[in-house]
Every structure is written in structure tokens, then in C-alpha cells.
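The listed protein sequences derive, respectively, from chains C and V.
Note that the working numbering has the first sequence beginning at 1, numbered continuously upward.
Note that the working numbering has the second sequence beginning at 119, numbered continuously upward.
Check before you lean on any hint, since a few could be wrong.
Said to hold, decoys possible - Beta-carbon label-pair distances, calculated as ranges: (1) P112(C) - D246(V): 37 to 43 Å; (2) K64(C) - V207(V): 16 to 22 Å; (3) G47(C) - V183(V): 15 to 21 Å; (4) G47(C) - D141(V): 29 to 35 Å.
What the hints assert, rightly or not - Computed far set for chain C versus chain V, every beta-carbon distance over 10 Å: (5) N28; (6) D32; (7) P33; (8) P70; (9) G97; (10) P111.
The set of hints was computed from the structure by calculation and includes no laboratory data.
All values reported here derive from a predicted model rather than from experimental measurement.
Each residue gets a CB set at the ideal place from its N, CA and C atoms; glycine is no exception.
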Amino acid sequence: MGKHSRFRGRIIDCRGKIKTVISELPINPFKDPRLEDITHPKAKGRGHYQFKDRETGQIIEYDKGRPNKPGHGAHDHYHRPNPNSTGKYDEYLDGAGRPVPDGSEASHLYPPESVWWK
Amino acid sequence: MNISNYTAFFHDGSLLEIKHENDKIILSMSSAEMDEEDLKEPIELSNNDRIVGKLHIEGVKNIIVDDERLEESLQKEYDDGQIFHFEIVNNKVNLEIIWGNYPPNPEVDVFSEIAIEGEKIYWENIPDLEDGL
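Next up, chain V with everything else stripped away, as it sits in the complex (with noise of 0.2 Å):
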């Protein structure tokens, strides 16, 4: 499955975790409802019509956030990771992120680019994967 052809579906979808360890990171995310007739290859999607799965990136070697290069770990650091826009172009995954809150923790109003780059970028798809849903 070639993950960058359906990433225009992550629109309103949901960067669900990020896992950053060494130079390895694994980003759990959630499209929105997708219409089977949108997918180009059989997919499973998950109980609520979203495709869901893990993007792994492996030999990073460059993260920007919001224009400066992250030197610690890149963190998930608000309940809610809306995705407004999500592309992969050859080895870079370009996000950006509405991150949001949930009672009782204090609203927020963050957006934010993130932009990785990496050796390898490959989806495994989970269509069980939990997704607060």
C-alpha cells in the first residue's frame, strides 16, 4: 500500500501518537471517513471508515518544527492532533498540526509544521488500532 496516495484524505484526520526513538519515529494516524470507492486497492478501513495505521520513518535525519530544527525528541504534547494537511515527498513527510485540548485541560490554539526526513517511510496499516473513537 502506497500510503502517499491517499494522504489528502488526512485532512481532519488525527495524528493519534508519536513514538521518536533514536532515529526512528512512528507517527499512529487517522484519516478522515474515507468512500471505498476512493481507494485505488483493497484496503481495510477501519470500524469507523478511516484508513488507520502507523507511518514509520526510520533513519531520520532532520526534523523542523515550525521553521527551526528539533534537537530532542519530537513529542506529542496536547490531547488532540487535528491533521490539516499531510504529504510525503520523496523521503519528507510534511505535517501540519491543530493541536487542541480536552477538558480539563486549558484550551489551546497551536498550529504547527512539522517536517521530517528520513532514510525509509513506509505505512502499516491497522485498521484495529484504537483512535479515541
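Chain C with its partners taken away, still in its complex shape (with noise of 0.2 Å):
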């Protein structure tokens, strides 16, 4: 997906939680002609799902919010695996591209129009 790229980075939305933002992540993902859904079929029913970029084989993870819940389990998001992780302290990909550990606020992404917080 590097070739989309118009803008990455982060910002500071109205409560002061920082969000790393990504304007090539796709509102929504089934319906973006270069994302092939892999999703695993029971995680599928619960709202987690994988797609990878046909083009450069890159794979995303994408999070269906619940909503009424705080965090960002209330939110649409994404995670970028880490190819090359080899453990959970660098499982996933911030939003330059750097390793960052499971769970951690950075390796939450959304694409800017979905930002917002309760």
C-alpha cells in the first residue's frame, strides 16, 4: 500500500489521546478493490478480520469497534503485523513503519476520517 501514501502521523484529537493516522487505510476495507480478505472464517463472525494488499502482499488486521465500549475496542481500527516480529514486543508496525509491541497505543491505526472519541 506504500505507493497510495498521502499522509501519515499523528494527532492529538479533543481528550488528548494521540492517534496515529494513515491516509492510504480505506474507510472501508471490503469494499477496496486492492485488499483480499483472508480473514479466518470464525474470526470473521466476531468482527476481526485480515486483508492482504494484492499488489505488494502486505497484510493488515482490521478491528470492528463494539460500540458502548471504551478504548479502542469501541472503534474501527487497524493493526500492521510485523513481518519480521519475533516476539510481542515488536509484533506489530507503528504508523512510520517501526516496531512496536502488542497492545500498545501506537499499533493502533485509523484512516483520518474515522478518528474521533467519546
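From these two lone chains plus the hints, build me the complex, please.
In C-alpha cells form, the structure reads like this:
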């Protein structure tokens, strides 16, 4: 997806929380022709999806938010698994492509249109 | 500390260890990174800003894994158990786990739904518990 990059950076929302925003992330990955849905069938039913970029082979994970929950779990968001991960501490990539831990703030990625917080 | 107030923050956290002996199960767990303003009471977080500790389930009556009753011990079979969903409803713990391995173990693609029903469920907060990070 690198060739589609237009903007990536971090913004601070109204609660002072920092969010990593990448404009190349689609609002609706199911309608993005660049992406192939390779989701585990059971995970699909629960709102956890995996997509493979048809051109680059890069994997992204897409988690559907569950309304009325606090934290990232309430909001649709993405993760980029680190293809060279050796453990939990470098399991994902942040918006700049740097390894970051599982569950870290920086591992949660948003398309700019969906950044908001209750 | 009522862990039910914070289960949503375990999305993208970790199931670190499972100990199952007789009718008692202890799940070592770590939340995702927390913001202190999300805490409703004074809770000591780990040095990487997570709720870390052990969920004790005593008097276990029933374990359902992927819609099938588990007759043997509940075990962690892979290197990593990423928590996709965690909730406690009455005396039942519901977990959805994305299992994974790290090199040199082979990659896996496993998603499990686990439901554990017990008589007593409580949280032991252990901020300095080793969480692999």
C-alpha cells in the first residue's frame, strides 16, 4: 500500500489522546479492490479481519469496533503485523513502520475519516 | 477492584498463561495500554501502562471451547494469546483469543472462543507480573 500513501502522522484528539492516522487506510476495506480478504472464518463472525494487499503482499488487520465500549475496542481500527516479529514486543508496526508492542497505543491505526473519541 | 469495569481495555491485550488444576483456573492476563483517566479507582498499572494480573475462577463448572464442552484441562497451546474480546457476565468468563506463534515455532491461524463458568471469579492485580514486554 506504500505507493498510495498521501499522509501519515499523529494527531491529538479532543481528549488529548494521540492517534496514529494513515490516509492510505480505507474506511471500508471490504470495498477496496487492492485488498484480498484472508480472514479466518471464525474470526470473521466476531469482527476480526485480515486483508492482504494484492500488490505488495502486506497484511493488515481490521477490528470492528463494538459500540458502547471504552478504548480502542469501541472503534473500527487497523493493525499492521510486523512480518519480522520475534515476540510480543515487536509484533506490530506503527504508522512510520517501526516495530511496536502488541496492545500499544502506537499499534492502533486509523484512517483520518474515522478519528474521534467519546 | 472490579475487573468487569475494565474488561473492554483487554482488547488487544494478552492471555499470558493458563493454570488449570481441579476446579480452579487462573488466567494471567495483560490489558492493552491504558490511560489513567480511564481508571475509575486507584489501580496500579504495570510499568508499560497496562492492567496486569491473574483472573481467578474457582468452582469451575463448565468450560466451552468453540461450542464444545472441554473435558480435559484448559491449556495454552501457542506462544501468544492475543485477547480480542473479554467480558464477565454473571459468573461466566467469555474470551475470544487470536492465537499465534513466534519463530522458530510455525505460524498458526487460530481463533478460539472460550467460555468458563465458575462459582467465584476475582481479579488479583499484579503490576509487576512478567508480561513478555
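Hint by hint, here is what the structure shows:
In this structure the hint that P112(C) and D246(V) lie 37 to 43 Å apart at CB holds, the actual value being about 38 Å. Range check, K64(C) to V207(V): about 20 Å between beta-carbon atoms, so the 16 to 22 Å window is met. Judged by the Cβ atoms, the range 15 to 21 Å given for G47(C) and V183(V) holds: they are separated by roughly 19 Å. Between G47(C) and D141(V) the Cβ separation comes to about 32 Å, which falls inside the hinted range of 29 to 35 Å.
Distance check on N28(C): its Cβ is at least 20 Å (rounded) from any Cβ of chain V, clearing the 10 Å threshold; non-interface status holds. The Cβ of D32(C) lies farther than 10 Å from every Cβ of chain V, with a closest approach of about 21 Å, so its non-interface assignment holds. Every CB of chain V is more than 10 Å from the CB of P33(C) (nearest about 24 Å), matching its label as outside the interface. Under the 10 Å C-beta cut-off, the non-interface status given to P70(C) relative to chain V is violated; the minimum distance is some 5 Å.
Look at G97(C): its CB is around 19 Å from the nearest CB on chain V, clear of 10 Å, so calling it non-interface holds up. With 10 Å as the threshold on Cβ separation, the claim that P111(C) sits away from chain V holds: the shortest Cβ distance comes to roughly 18 Å.
Hint violations for this structure: number 8 only, all remaining hints satisfied.
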